[in-house]
Each structure stands twice: as C-alpha cells, then as structure tokens.
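J.: Listed below are the residues making up each chain.
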Amino acid sequence: MQLPLDELQSLLKTLDEGGASEFEYEDEKIRLKVAMVRGQASASNSSGGSPSSTVAAMPAVFAAPAAVAADPNVVFVTSPFVGTFYRAPSPEAEDFVPVNGSVKQGQTLCIIEAMKLMNEIEAEFSGIVLEVLVESGKSVEFGQKLFKIKKS
Amino acid sequence: MAFDVERFRARASARKSKLGQPIVWQDVTGSTNDDALAAARAGAPHGAVFVADVQTAGRGRRGHAWLARPGEGLLFSVLLRPALDLAQTSALTLAIGLALRDAIAPIISSAASIKWPNDVLVAGKKLAGVLVESQLQGDRLQAVVVGVGLNVSSREFPEEIAARATSLALLGATRLERETLLGDVLDAISTRVLGYEAGGIAAILPELNAADALRDKRVRVDAVTGAARGLDEHGRLRLEDDAGEMHALSSGTVELV
Numbered sequence: 000m001q002l003p004l005d006e007l008q009s010l011l012k013t014l015d016e017g018g019a020s021e022f023e024y025e026d027e028k029i030r031l032k033v034a035m036v037r038g039q040a041s042a043s044n045s046s047g048g049s050p051s052s053t054v055a056a057m058p059a060v061f062a063a064p065a066a067v068a069a070d071p072n073v074v075f076v077t078s079p080f081v082g083t084f085y086r087a088p089s090p091e092a093e094d095f096v097p098v099n100g101s102v103k104q105g106q107t108l109c110i111i112e113a114m115k116l117m118n119e120i121e122a123e124f125s126g127i128v129l130e131v132l133v134e135s136g137k138s139v140e141f142g143q144k145l146f147k148i149k150k151s
Numbered sequence: 000m001a002f003d004v005e006r007f008r009a010r011a012s013a014r015k016s017k018l019g020q021p022i023v024w025q026d027v028t029g030s031t032n033d034d035a036l037a038a039a040r041a042g043a044p045h046g047a048v049f050v051a052d053v054q055t056a057g058r059g060r061r062g063h064a065w066l067a068r069p070g071e072g073l074l075f076s077v078l079l080r081p082a083l084d085l086a087q088t089s090a091l092t093l094a095i096g097l098a099l100r101d102a103i104a105p106i107i108s109s110a111a112s113i114k115w116p117n118d119v120l121v122a123g124k125k126l127a128g129v130l131v132e133s134q135l136q137g138d139r140l141q142a143v144v145v146g147v148g149l150n151v152s153s154r155e156f157p158e159e160i161a162a163r164a165t166s167l168a169l170l171g172a173t174r175l176e177r178e179t180l181l182g183d184v185l186d187a188i189s190t191r192v193l194g195y196e197a198g199g200i201a202a203i204l205p206e207l208n209a210a211d212a213l214r215d216k217r218v219r220v221d222a223v224t225g226a227a228r229g230l231d232e233h234g235r236l237r238l239e240d241d242a243g244e245m246h247a248l249s250s251g252t253v254e255l256v
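Here the protein sequences line up with chains A and B, keeping their order.
Counted from 1, the first sequence has number 111 at position 112 by numbering that gives the first Met the number 0; the numbering is strictly sequential.
Counted from 1, the second sequence has number 201 at position 202 by numbering that gives the first Met the number 0; the numbering is strictly sequential.
If you're looking for bench data, these hints aren't it; they were derived computationally from the structure.
Certain hints may be false.
Under the rule of at most 20 angstroms between Cα atoms (straight-line distance), these lysine to aspartate or glutamate pairs were calculated in the EDC-like manner [unchecked claim]:
id	chain 1	residue 1	chain 2	residue 2
1	A	Lys103	B	Asp138
2	A	Lys147	A	Asp70
3	A	Lys149	A	Glu130
4	B	Lys216	B	Glu239
5	A	Lys147	B	Asp138
6	A	Lys150	B	Asp138
7	B	Lys15	B	Glu176
8	B	Lys124	B	Glu254
9	A	Lys149	A	Asp70
10	A	Lys137	B	Asp186
11	B	Lys216	B	Asp241
12	B	Lys124	B	Asp215
13	B	Lys17	B	Asp186
14	A	Lys144	B	Asp138
15	B	Lys15	B	Asp101
Derived Cβ-Cβ restraints for the label pairs, each shown as a range [claimed, not checked]:
id	chain 1	residue 1	chain 2	residue 2	range
16	B	Ala242	A	Phe141	36 to 42 angstroms
17	B	Val256	A	Ala92	26 to 32 angstroms
18	B	Ile160	A	Phe75	39 to 45 angstroms
19	A	Asn99	B	Ala201	32 to 38 angstroms
In this text the structure is predicted, and so the values were computed from the model without any measurement.
Heads up, the beta-carbon is just placed ideally off N, CA and C, and yes, glycines get one too.
Make the full structure from the sequences, and use the hints.
T.: Dropping the structure here:
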C-alpha cells in the first residue's frame, strides 16, 4: 500500500461528505477501490468524530496493486522542474487542452515558467486528457503530476 | 527603413558565429517567437533566425505587449538546440541577458545593468527585453527560442512607457544599423550559450550579481514585497521580506516599489 494514511483519511472524509458510495482511484503504483455502506457510516458523522473515527466506521475494500492491474495506457505527465504552471498561452487565451479533449503527439499541453523561461510541455504521445491535476498559475514541484492522459 | 537581409548576409563572413542561417525576414508578423516555435516543430535547425519590422502580437512574459514602431526596434527570435539537461535550462535565460549586455557595451558609454532575470536597463530605463521559450517532450529539450526586442532608433516612446524606456539612439550609440546589430547580438548569444553549456550558472553568477539592477532595491514579486538581495546559486532572485525572512523566487513579475 503506497498511499499514506493521512492522505487516505482525508480522501475518505471528502468522499463521505460528498455522499459517494463507491470510488476508484489509480496511479502508476496503486489501484484503489472503496465501497461505503451508507447506513453505517452516517453514525460516525452524527457523533462528530475525527477523520480517523470516520475512517474506522466505514467499511472499505482495498484492492492490492497485484490484484487489479492499473491500465497501462493511462499515464501521467509530470513537471520536469520547479516552476509555475499555466494551462493557457496568456491569461485571456483559451486553455491549450480541455479535459476530455484529445491531444496529438507534439501538441503543447501547458507552460511551466521558471526564471521567465516559458517551457512548453508537449505531449509525448497521442491520447485523451482525462484530468488536469493542477490549477493554472500555481507553483509546481519537480515530478508533480500535471495531466492524466489515456493513450490512444 | 525595412530590415535588409542581403546586408545582413553580406556581413556574415566577418562574424564569429553561424547563428542567423537561415534568416527569415517579414515586414509584419504576429510574433517572431511564435514563428520560431512553429519552425522548431517543423524541424528548423539550430541558428535559424526570424526577424520582423513590426510585430502585431509581440509579447513579453505572459502576453505582456512589446511596443515598438516599425523599423525602430530590432525584433527577432533565434532558434537554438543547445546541449543542456532540463535542470540547467531555466537559468539559460540569465546568460541571454548577459549576452545582450555584451553586445551593446562597446557601442554605448553608459553602463548597462540587468533587471532579473534578463531585462537590460541603462540608468534605470529599459533598453532591451528578452522572452525565452522552450519546447520539452518528456525529459528531452527539443528547442529553445530566444526572442529579443532591442530599442534602436526610437527617439520617443508612447506616454505610458516613456519614463521607463530608452533606446540606443537616445544613449548616443555609435552604431544604429540593425543588420550589424543583429550580427553582434547573435554572436554574443552564441558565445554565452557555449559558455553556459560548459560552465553552467556557477560560471556566470559573479557577473550576474555585479550587473544586478535590483540589488538592495525595494521590489514586489507577486505577493511578496521586500529588498532584493542578489541571485542564489540556482540564479533565483533572493528577496528579504519585511519580517527578515529570505525568499528565493524562480518566477513572477518583478516591480520596483
């Protein structure tokens, strides 16, 4: 299990508050499936319990990475260095790529600015953008995930 | 007067570097950086130069407009394919600022300084600006495009920038011919890029700190205000806030306050 406990707890709390009953998550290392039984989980809410007690009250099923293989065609584009992430060429312009939009190899996905060097990050492969994981204008770290893309 | 490509070519044999082959001139274009980036995607070689008399969508960082009247500025972009690791790429912008200063130092009598990361200032007024863009795929640096706007023959500027801008003509430069200036600037860029490939940021840090126009000035960079304290070993701007805490900034808009 690669997901740290505190991240897991906050994830489960968010799901619980949002009323989700099933959730699936995956990255390169882990695939996670959570199923919640609503009637039982609500008891911990009414008692105003801490996130940890909420987690304890929710029956959760975790699938080990070996049990359910991650889709090898779903990949993450990560930041090559520390900088500022921009989804569009200028503040007024449209995003380079929309969520659920298709991208071609070599197409610009975003800009990472460092030292006034505007680095256009290009797609290494064609596919569909499943998720954009960073808000435009925010700082990003080396290796931080920026896009989730399903290769086509 | 339009930029004369033949005059530029005729002087190539006297130059130190090969940057500027091929050269593409347009009287009007959106942005020479966009032209160079598009050419880079299509496989254009190291050294290709795109020059224009007018840019209708000329821009600096994050779309800030670059204002120049037709023929008064030297506006060009050069495509480079340098041998650099991605981790080294960012601080290349600092070497470009030094290159511009190198190129103009012999023709003006005043000293030029550099406003981090790479604006060239004389007596606090902007003489030249640089916008560097790169194309990355995975961990491969495909191309770097260096866009330069150098105020050459302007004698007056639009009101909104008049107090903050200067030109070679206003500084009494001994050379105002854009074709020759382009050769000088390209040679200086070539030398600085080769030096940067070999020595990285460490080799130019003392020069950068000596040329720093912001040193000990009060500046605001986005949400942080404080005193500029030079560049750190990565080339980031050191900013000491009012609580005495030191910040190292790698991006943002720097304003003097």
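J.: Please go over all the hints and tell whether each is borne out by the structure.
T.: Hints, verified against the model:
1. For the hint pairing A:Lys103 with B:Asp138, the CA-to-CA distance comes to about 18 angstroms; that is within 20 angstroms, so the pair holds.
2. As the CA atoms of A:Lys147 and A:Asp70 are separated by approximately 12 angstroms, the hinted pair is consistent with the 20 angstroms bound.
3. Of the pairs offered as hints, the one joining A:Lys149 and A:Glu130 holds, with about 10 angstroms between alpha carbons and a cut-off of 20 angstroms not exceeded.
4. For the suggested pair B:Lys216 and B:Glu239, the alpha carbons sit about 10 angstroms apart, so the restraint of at most 20 angstroms is met.
5. Among the hinted pairs, A:Lys147 with B:Asp138 is consistent with the structure: their alpha-carbon atoms are about 17 angstroms apart, no more than 20 angstroms.
6. At roughly 18 angstroms between alpha-carbon atoms, A:Lys150 and B:Asp138 fall within 20 angstroms of each other, so this suggested pair holds.
7. Among the hinted pairs, B:Lys15 with B:Glu176 is consistent with the structure: their alpha-carbon atoms are about 18 angstroms apart, no more than 20 angstroms.
8. A distance of roughly 13 angstroms separates the Cα atoms of B:Lys124 and B:Glu254; the hinted pair therefore holds under the 20 angstroms criterion.
9. For a cut-off of 20 angstroms, the pair hint linking A:Lys149 to A:Asp70 stands: about 9 angstroms separates their Cα positions.
10. With a C-alpha separation of about 37 angstroms, the suggested pairing of A:Lys137 with B:Asp186 is violated against the 20 angstroms cut-off.
11. A threshold of 20 angstroms between alpha carbons decides the hint, and for B:Lys216 with B:Asp241 the separation of about 13 angstroms falls inside it, so the pair holds.
12. Distance hint between B:Lys124 and B:Asp215 is fulfilled; the C-alpha atoms sit about 17 angstroms from each other, no more than 20 angstroms.
13. Between B:Lys17 and B:Asp186 the CA atoms are separated by roughly 8 angstroms; this keeps the pair inside 20 angstroms, and the hint holds.
14. Under the criterion of a C-alpha separation no larger than 20 angstroms, the hint pairing A:Lys144 with B:Asp138 is consistent with the structure, at around 14 angstroms.
15. With a CA separation close to 14 angstroms, the supplied pair B:Lys15 and B:Asp101 stays within the 20 angstroms bound.
16. One distance hint, 36 to 42 angstroms for the beta-carbon pair B:Ala242 and A:Phe141, is violated here, with the actual separation near 28 angstroms.
17. Our hint of 26 to 32 angstroms for B:Val256 and A:Ala92 holds, since their Cβ atoms are close to 29 angstroms apart.
18. A beta carbon spacing of about 43 angstroms between B:Ile160 and A:Phe75 agrees with the range 39 to 45 angstroms that was offered as a hint.
19. Checked against the given bound of 32 to 38 angstroms, the beta carbons of A:Asn99 and B:Ala201, roughly 45 angstroms apart, lie outside it.
Hints 10, 16 and 19 from the list above are not met by this structure, while the remaining hints are.
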